[in-house]
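K.L.:
Chains S and R, in that order, give the protein sequences.
Per the working numbering, residue 1 is the first one in the first sequence, and the count goes up by one each step.
Per the working numbering, residue 1 is the first one in the second sequence, and the count goes up by one each step.
If you are wondering where the hints come from, they were derived from the structure by calculation, not from laboratory data.
Heads up, some of the hints might be wrong.
[To be verified] Covered stretches of chain S (in silico footprint by chain R; criterion: 3 or more residues with CB under 8 Å from a CB of chain R, positions within the stretch not fixed):
(1) 162-172
(2) 372-381
(3) 537-543
(4) 550-559
(5) 576-584
[Stated by the list, open to error] Using 30 Å as the maximum straight-line C-alpha spacing, the simulated BS3-like pairs for lysine-lysine come out as follows:
(6) S/Lys365 with R/Lys611
(7) R/Lys328 with S/Lys372
(8) R/Lys680 with S/Lys208
(9) S/Lys578 with S/Lys470
(10) S/Lys372 with R/Lys46
(11) R/Lys372 with R/Lys670
(12) R/Lys365 with S/Lys372
(13) R/Lys208 with S/Lys680
(14) R/Lys611 with S/Lys372
(15) S/Lys46 with S/Lys680
(16) R/Lys46 with S/Lys578
(17) R/Lys470 with R/Lys670
(18) R/Lys372 with S/Lys208
(19) R/Lys46 with S/Lys365
(20) S/Lys578 with S/Lys25
(21) R/Lys578 with R/Lys619
(22) R/Lys372 with S/Lys578
(23) R/Lys365 with S/Lys670
(24) R/Lys670 with S/Lys611
(25) R/Lys611 with S/Lys619
(26) R/Lys619 with S/Lys680
(27) R/Lys208 with R/Lys46
(28) S/Lys619 with R/Lys208
(29) S/Lys208 with R/Lys619
(30) S/Lys611 with R/Lys578
(31) S/Lys619 with S/Lys372
(32) S/Lys365 with R/Lys365
(33) S/Lys578 with R/Lys670
(34) R/Lys611 with R/Lys208
(35) R/Lys53 with S/Lys208
(36) R/Lys208 with S/Lys670
(37) R/Lys328 with R/Lys302
(38) R/Lys680 with S/Lys578
(39) R/Lys578 with R/Lys365
(40) S/Lys302 with S/Lys46
Cβ atoms here follow ideal geometry from the backbone N, Cα and C, with glycine treated the same way.
Protein chains: 2
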Amino acid sequence: MLNSVFVLVPITSVLALSFAYYFYKQMTKSSEGTETMQRIAQHVRKGASAYLKQQYKVVLIVFLCITAIFSYMAYGLGVQNNWVPFAFLTGGCFSALAGFFGMKAATTASARVANACRDSLNSGLRLAFRSGAVMGLVVVGLVLADISIWFTVLNHFIEDMEGGYKLMTICAIMVTFGMGASTQALFARVGGGIYTKAADVGADLVGKVEANIPEDDPRNPATIADNVGDNVGDVAGMGADLFESFAASILASALLGAAAYFDMGDVQLGAVLAPMIIAAIGTLLSIVGIFLVRTREGASQKELLRSLNIGVYFSAALIVVLSYFALKFLNLPNFVGIWGSIIAGLAAGIGIGQSTEYYTSASYKPTISIAKSSETGPATVIIAGVGTGLLSTAIPLLIVTVAIILSYCFATGFQFGADTINMGLYGIGIAAVGMLSTLGITLATDAYGPIADNAGGNAEMSNLGPEVRKRTDALDSLGNTTAATGKGFAIGSAALTALALLTSYFEEVRMMFVKVLDAPDTLINNVPAGEATFYDFVQHYEIHLMNPLVICGMFIGVMAVFMFSGMTMNAVGRAAQKMVDEVRRQFRTIAGIMEGTAEPDYARCVEISTKGAQREMMKPALMALAIPVVVGLVLGVPGISGLLIGTITSGFALAIFMANSGGAWDNAKKYIEEGNFGGKGSEAHKATVIGDTVGDPFKDTSGPSLNILIKLMVMASVVTVGLAVTYHIL
Amino acid sequence: MLNSVFVLVPITSVLALSFAYYFYKQMTKSSEGTETMQRIAQHVRKGASAYLKQQYKVVLIVFLCITAIFSYMAYGLGVQNNWVPFAFLTGGCFSALAGFFGMKAATTASARVANACRDSLNSGLRLAFRSGAVMGLVVVGLVLADISIWFTVLNHFIEDMEGGYKLMTICAIMVTFGMGASTQALFARVGGGIYTKAADVGADLVGKVEANIPEDDPRNPATIADNVGDNVGDVAGMGADLFESFAASILASALLGAAAYFDMGDVQLGAVLAPMIIAAIGTLLSIVGIFLVRTREGASQKELLRSLNIGVYFSAALIVVLSYFALKFLNLPNFVGIWGSIIAGLAAGIGIGQSTEYYTSASYKPTISIAKSSETGPATVIIAGVGTGLLSTAIPLLIVTVAIILSYCFATGFQFGADTINMGLYGIGIAAVGMLSTLGITLATDAYGPIADNAGGNAEMSNLGPEVRKRTDALDSLGNTTAATGKGFAIGSAALTALALLTSYFEEVRMMFVKVLDAPDTLINNVPAGEATFYDFVQHYEIHLMNPLVICGMFIGVMAVFMFSGMTMNAVGRAAQKMVDEVRRQFRTIAGIMEGTAEPDYARCVEISTKGAQREMMKPALMALAIPVVVGLVLGVPGISGLLIGTITSGFALAIFMANSGGAWDNAKKYIEEGNFGGKGSEAHKATVIGDTVGDPFKDTSGPSLNILIKLMVMASVVTVGLAVTYHIL
């Protein structure tokens with residue numbers, strides 16, 4: 001009977017994809033407005049698809065290489081399951097597909113949203129939001145589709161196993177398709193992040209600072225690239241990031257569930273299905289929630305935000321109720337505790353979002369202080385922003401800490417120790433699933449941001465009337481708020497997902513040990529390897545804090561985080577430099593550009609950003625892929641364990657710091673533009689423009705890229721676990 | 001016989017202090033120059049002692065409170081050794097004394113160095129360096145004195161113990177006087193760091209940027225406060241920091257030695273004495289090295305640097321040779337391996353210094369790139385500096401990782417596991433001792449920096465001729481180089497010391513467990529507690545990476561690091577703001593100040609910095625002291641373990657990032673001032689001035705303060721171990 005519940009997952013998947021298609025079709029039916037509007041949208045669409053094409057080429061090569069390596073590991077060395085190369089590929093393909101559809105929807109929507117704003121604020125909001133929902137639903141729909149297919153296929157083909165082993169093996173294989181999603185996300189986030197900020201910083205440095213023309217001015221040659229960048233970074237990048245978190249949290253939890261309730265028959269199956277079912281229910285609720293979003297004409301920012309929040313909170317509230325019954329139905333012995341873990345995860349997600357808003361919104365003290373510090377020049381703006389960003393890590397880190405403890409304790413009934421640890425770790429995984437369960441609608445609010453932003457850009461460049469501009473500005477401003485909280489949410493869920501993956505790493509170690517070394521009688525922590533639990537392996541490998549290999553791994557993990565951020569930061573600097581040179585060149589050589597009589601060469605700027613992003617993303621990407629493998633080969637399983645926890649903890653903090661500093665600088669600038677501390681054009685305003693420019697790579701490149709690094713390092717360790725177990729040097 | 005070797009320690013202590021006195025006396029004999037020079041020096045001296053007095057008042061109160069708490073823990077609750085309150089007090093007093101003498105020497109020297117530069121470059125260099133050596137020798141001399149006294153006293157009083165227990169107990173008590181040094185260092189580094197940068201940033205923002213007058217211009221009211229700050233931060237702060245590292249590395253190693261060679265009679269004694277003897281030999285070599293420093297007239301920067309390095313490298317080379325014989329004499333069974341650990345530590349210290357130089361000196365690519373990025377304005381300067389700083393963490397972290405592995409492996413003969421772990425951890429401790437062994441002379445080169453800087457300031461303000469200015473500039477520039485490498489060295493040694501302390505934490509857990517719970521028969525990892533090793537306790541407390549308490553501790557450790565940095569960063573911002581207001585006020589209200597006909601109110605600025613530093617340092621200081629206690633009470637020993645390793649790894653990385661970003665910005669500015677990319681007064685120069693101002697709190701406040709945090713958190717955990725063992729909630 002339990003098995004038949006699983007059918008909810010593919011059904012939900014089909015529903016989500018169908019609604020995505022429905023929203024997309026509805027959107028394409030609305031008019032794209034004047035000829036100028038269409039032309040501009042066309043520019044952006046062309047730029048975006050040129051970029052995607054180029055990126056997918058690179059990704060294809062990388063995927064072929066990695067698949068070859070995995071195949072050799074599986075079929076040549078025998079240190080990996082034979083299904084892994086295929087699982088890896090589908091994860092990557094599905095994520096790429098989601099990115100493609102999301103981008104398509106977003107770039108098709110922007111001019112239409114601008115046009116809808118000529119009618120009313122409500123039309124604009126709904127069109128923008130539902131276009132964002134395309135991305136949200138495609139992402140969750142494709143994740144659920146991938147899970148449905150593989151769970152069915154593996155159930156069918158893996159037959160020669162007894163008891164709990166079958167489900168364990170299926171889950172262990174499925175986790176690795178997260179590696180495909182992770183690799184795809186790496187390129188999407190890092191490449192997209194570099195692209196968008198090279199264009200943005202380049203456009204601002206010459207346009208705003210030197211030529212003194214406003215943002216989104218059609219005379220600025222980099223302005224189309226800047227608009228493309230919003231889609232590339234915040235739609236495709238963010239989508240790929242959360243695609244992975246959603247998939248990995250579900251699959252890691254399934255694996256942890258299979259281990260925690262091993263040999264308990266239907267209960268084990270229930271534990272494996274629980275994360276999938278909860279994700280499916282959350283997706284259904286997201287669809288309903290999307291329909292609830294609407295507003296009235298002349299709504300204030302607060303009202304607009306409430307409109308979005310109604311949908312989000314509706315889904316969150318109902319998932320709390322429905323998951324109780326779902327868990328009860330799945331018949332887990334400690335289902336009330338597990339339910340508590342879900343709530344802990346959900347609450348943590350909301351809490352982190354709130355804290356992000358507090359630290360980055362100009363309605364609160366921190367951002368106002370940064371704005372005030374502009375009175376003594378740009379240096380104090382930077383110092384205040386860095387100080388605030390560093391401080392802002394405290395609450396999210398505390399929230400995650402509390403969520404970990406609570407979700408563990410709820411699941412174990414506040415017991416610690418070897419007997420209950422499996423259950424507790426399952427609780428942590430389930431908390432991550434809880435946090436992400438309503439991703440369909442949260443991601444819709446995220447993807448809404450760049451659509452509204454681009455609609456504003458389109459309206460500006462097409463010289464639509466001030467009434468329309470006011471409406472698009474209102475939508476854009478709302479998008480900034482959701483973007484900030486969305487970033488906090490993405491980081492928080494990345495950290496929790498990575499933790500769940502890390503705990504499942506040891507399950508993989510155990511299975512690989514038994515399979516590869518084929519020594520079921522070797523004593524592991526005084527127990528034959530064949531009967532040893534993952535906990536015995538933790539003891540056996542001395543994954544404790546006095547093991548120098550663990551300590552060294554941790555130092556390297558922290559190193560990876562800082563180095564990766566430095567690389568992406570410098571990448572933006574270099575790429576932006578090229579953009580500045582090009583924009584200056586165009587201003588110098590194209591006559592009539594400043595008078596608006598000649599059109600700048602937008603395509604050239606798009607090309608520069610695209611090429612710059614491609615070139616610059618290779619080094620950090622390769623580093624992120626190589627480090628776990630090298631550490632595994634040199635320091636073995638203890639080194640990897642230290643590496644991963646070091647990366648997760650410090651990466652989480654650094655990501656929050658960067659995202660919040662950047663967000664706060666951005667809003668401090670906007671606060672001054674609203675007329676405070678001298679308003680637009682004052683020295684104080686110039687100082688905050690500098691802060692905002694510094695913040696761009698902080699919040700949109702280096703910060704979000706860390707989400708990927710955190711998860712990718714764990715994933716790469718999971719899929720190469722056979723190497724670390726078999727060939728390590730120390 | 002072995003016991004008689006110990007006499008080398010007090011003898012060296014007396015020698016070091018005598019030479020410090022000798023250098024001081026020699027220095028006071030030289031002339032302080034013209035009346036103006038004396039007057040300015042008088043201002044700085046008065047400001048410095050006003051600050052110290054104020055700081056020591058606060059520290060006294062804190063010390064009394066903490067002593068009261070420790071006394072209650074020892075005599076009331078019985079969860080701490082009765083000697084600890086006293087050990088705590090002497091550690092604090094001796095560190096404070098060292099700071100006092102160092103400051104006195106530095107502030108007495110500056111005018112004299114300026115005056116000596118009227119004679120020749122060599123006179124200037126020697127006088128400045130030997131005045132710096134006063135600080136170096138006082139620090140190591142007082143550490144060795146404190147060790148001599150306590151080792152003798154405890155040997156005398158602790159008699160009722162058998163076998164290895166006596167030495168274990170003595171060492172465990174002695175480690176806690178590091179807590180006194182740590183607390184004193186906290187206030188010296190954090191308070192000093194805020195003081196110096198509030199003055200510096202305040203002086204620069206109004207002086208350089210608004211009023212367009214050069215640095216050290218006597219018309220700037222904040223200039224005396226700025227000069228005082230150099231002494232307060234870089235002499236007293238740095239000295240207290242390294243006082244603690246030197247003491248803690250020796251004592252933690254002694255404790256680890258006592259545990260590793262437990263019950264081996266004279267061998268155990270040898271292991272305990274080894275770190276002390278090596279420190280003593282290093283100190284003797286430092287004294288000789290100090291005498292080797294001299295230069296010729298018209299020496300280039302390279303030659304000047306070589307002059308200093310001759311002394312440093314001489315001491316380092318000889319310590320390698322002599323420590324071999326010392327260890328052989330002490331009769332440790334694996335003395336060649338231990339010797340290898342010493343070399344690993346020494347090499348790591350030098351390597352970190354070199355890497356710091358590469359990333360912060362304008363002779364290399366990174367800093368030149370930052371300077372070049374100024375062509376596109378301040379925003380790209382900040383982005384490039386942050387990117388470079390983040391990247392620059394890679395090499396030091398790798399070096400520390402390799403040093404940990406090597407020093408562990410050398411000491412154990414490349415064995416891992418329960419049997420040899422004690423030996424390996426001793427190796428890590430000894431590596432820290434090796435790195436710090438020649439501290440006498442390395443600290444002399446550090447303290448030399450602010451003396452030369454102040455001499456330059458004095459020469460500028462006294463209008464000495466261009467020939468003299470050229471000489472003081474040369475000395476100052478050399479000081480900048482040594483300051484940068486000195487910072488890297490201080491951070492690296494802090495990390496290694498903290499690691500040694502962390503490993504000794506578990507020894508303390510073991511002893512506390514047996515003593516406090518008085519249950520020697522309780523089974524710990526299947527062994528009666530009375531016979532259990534610290535390793536059994538690691539297993540018993542589940543200090544492994546799957547324990548949620550450990551993971552939570554790690555998140556909180558990372559949080560503490562980021563929060564602490566944010567607090568100190570914002571503290572500088574706020575205090576600098578006050579200084580800016582005051583300087584602006586003086587420019588506005590004191591007639592004739594800009595014409596040089598009226599003297600500004602220097603004292604008022606000194607007072608503002610002093611008060612600002614006092615007020616601002618309280619919150620971060622209390623947080624640093626409270627977190628380990630609270631985490632211990634809530635999460636117990638596993639939580640503390642995670643907390644400490646999280647703090648050490650991420651704190652190390654963040655400290656390096658901040659120090660190197662700051663150093664690179666500073667030198668990028670100087671590089672442009674030398675005439676590159678437009679030179680002084682150009683837009684590029686203005687952009688780098690902003691970078692430099694941002695870098696000030698990075699490199700001189702938040703970065704160095706992290707050294708303290710890293711060590712203090714471990715120390716605080718060590719001294720409150722009784723609470724965590726007995727009263728923890730989870």
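K.L.:
Now look at each hint and say whether the structure bears it out.
P.N.:
Hints, verified against the model:
1. By the rule of at least three residues with a Cβ nearer than 8 Å to a Cβ of chain R, the coverage given for the stretch 162-172 of chain S is violated, with 0 such residues.
2. By the rule of at least three residues with a Cβ nearer than 8 Å to a Cβ of chain R, the coverage given for the stretch 372-381 of chain S holds, with 6 such residues.
3. With a threshold of 8 Å between beta carbons, the proposed coverage of the stretch 537-543 of chain S by chain R holds, since 4 of its residues qualify and at least three are required.
4. Check on the stretch 550-559 of chain S: 9 of its residues sit with their Cβ under 8 Å from a Cβ of chain R, so the three-residue criterion for coverage holds.
5. By the rule of at least three residues with a Cβ nearer than 8 Å to a Cβ of chain R, the coverage given for the stretch 576-584 of chain S holds, with 3 such residues.
6. Our distance criterion of 30 Å between C-alpha atoms is met by S/Lys365 and R/Lys611, whose separation comes to about 24 Å.
7. For the suggested pair R/Lys328 and S/Lys372, the alpha carbons sit about 64 Å apart, so the restraint of at most 30 Å is broken.
8. Taking the CA atoms of R/Lys680 and S/Lys208, the gap is about 25 Å. The hint holds against a cut of 30 Å.
9. For the suggested pair S/Lys578 and S/Lys470, the alpha carbons sit about 34 Å apart, so the restraint of at most 30 Å is broken.
10. Proximity of S/Lys372 to R/Lys46 is assessed by CA-CA distance (about 34 Å); at most 30 Å being required, the pair is judged violated.
11. Distance check on the hinted pair: R/Lys372 and R/Lys670 sit about 12 Å apart at the alpha-carbon level, within 30 Å; holds.
12. With a C-alpha separation of about 36 Å, the suggested pair R/Lys365 and S/Lys372 falls outside the 30 Å cut-off, and the hint is violated.
13. With a C-alpha separation of about 25 Å, the suggested pair R/Lys208 and S/Lys680 falls inside the 30 Å cut-off, and the hint holds.
14. This hinted pair checks out: R/Lys611 and S/Lys372 have alpha carbons roughly 22 Å apart, not beyond 30 Å.
15. Straight-line distance between C-alpha atoms of S/Lys46 and S/Lys680 comes to about 34 Å, which puts the hinted pair past the 30 Å bound.
16. Of the pairs offered as hints, the one joining R/Lys46 and S/Lys578 is violated, with about 53 Å between alpha carbons and a cut-off of 30 Å exceeded.
17. For the hint linking R/Lys470 to R/Lys670, the alpha-carbon distance of about 15 Å falls within 30 Å, and the restraint holds.
18. At roughly 21 Å between alpha-carbon atoms, R/Lys372 and S/Lys208 fall within 30 Å of each other, so this suggested pair holds.
19. About 38 Å separates the Cα atoms of R/Lys46 and S/Lys365, which puts this hinted pair outside 30 Å; it is violated.
20. Between S/Lys578 and S/Lys25 the alpha-carbon distance is near 39 Å, which puts this suggested pair outside the 30 Å criterion.
21. Only pairs whose Cα atoms come within 30 Å are accepted, and R/Lys578 paired with R/Lys619 is accepted, the gap being roughly 18 Å.
22. Taking the CA atoms of R/Lys372 and S/Lys578, the gap is about 13 Å. The hint holds against a cut of 30 Å.
23. Only pairs whose Cα atoms come within 30 Å are accepted, and R/Lys365 paired with S/Lys670 is rejected, the gap being roughly 36 Å.
24. Note on R/Lys670 and S/Lys611: the hinted pairing is violated, with a Cα-Cα distance of about 34 Å set against a maximum of 30 Å.
25. Distance hint between R/Lys611 and S/Lys619 is unfulfilled; the C-alpha atoms sit about 48 Å from each other, more than 30 Å.
26. Between R/Lys619 and S/Lys680 the CA atoms are separated by roughly 36 Å; this puts the pair beyond 30 Å, and the hint is violated.
27. Pair hint R/Lys208 plus R/Lys46 holds up; C-alpha atoms about 25 Å apart against a cutoff of 30 Å.
28. For the hint pairing S/Lys619 with R/Lys208, the CA-to-CA distance comes to about 40 Å; that exceeds 30 Å, so the pair is violated.
29. With a C-alpha separation of about 40 Å, the suggested pair S/Lys208 and R/Lys619 falls outside the 30 Å cut-off, and the hint is violated.
30. The hinted pair formed by S/Lys611 and R/Lys578 fails the criterion: a straight-line CA distance of about 47 Å is larger than 30 Å.
31. With a C-alpha separation of about 39 Å, the suggested pairing of S/Lys619 with S/Lys372 is violated against the 30 Å cut-off.
32. Taking the CA atoms of S/Lys365 and R/Lys365, the gap is about 40 Å. The hint is violated against a cut of 30 Å.
33. Proposed proximity of S/Lys578 and R/Lys670 is supported: the alpha carbons are some 26 Å apart, at most 30 Å.
34. The suggested pairing of R/Lys611 with R/Lys208 holds, with an alpha-carbon distance near 24 Å, which does not exceed 30 Å.
35. For the proposed pair R/Lys53 and S/Lys208, the alpha carbon gap of about 50 Å is over 30 Å, so the pair is violated.
36. With a C-alpha separation of about 28 Å, the suggested pairing of R/Lys208 with S/Lys670 holds against the 30 Å cut-off.
37. Using a Cα cut-off of 30 Å, the hinted pair R/Lys328 and R/Lys302 is violated, with the two alpha carbons roughly 38 Å apart.
38. Note on R/Lys680 and S/Lys578: the hinted pairing holds, with a Cα-Cα distance of about 26 Å set against a maximum of 30 Å.
39. Simply put, R/Lys578 and R/Lys365 have alpha-carbon atoms about 37 Å apart, too far for the 30 Å limit, and the pair is violated.
40. Our distance criterion of 30 Å between C-alpha atoms is broken by S/Lys302 and S/Lys46, whose separation comes to about 35 Å.
Taken one by one, the earlier hints fail for this structure at numbers 1, 7, 9, 10, 12, 15, 16, 19, 20, 23, 24, 25, 26, 28, 29, 30, 31, 32, 35, 37, 39, 40, listed in ascending order.
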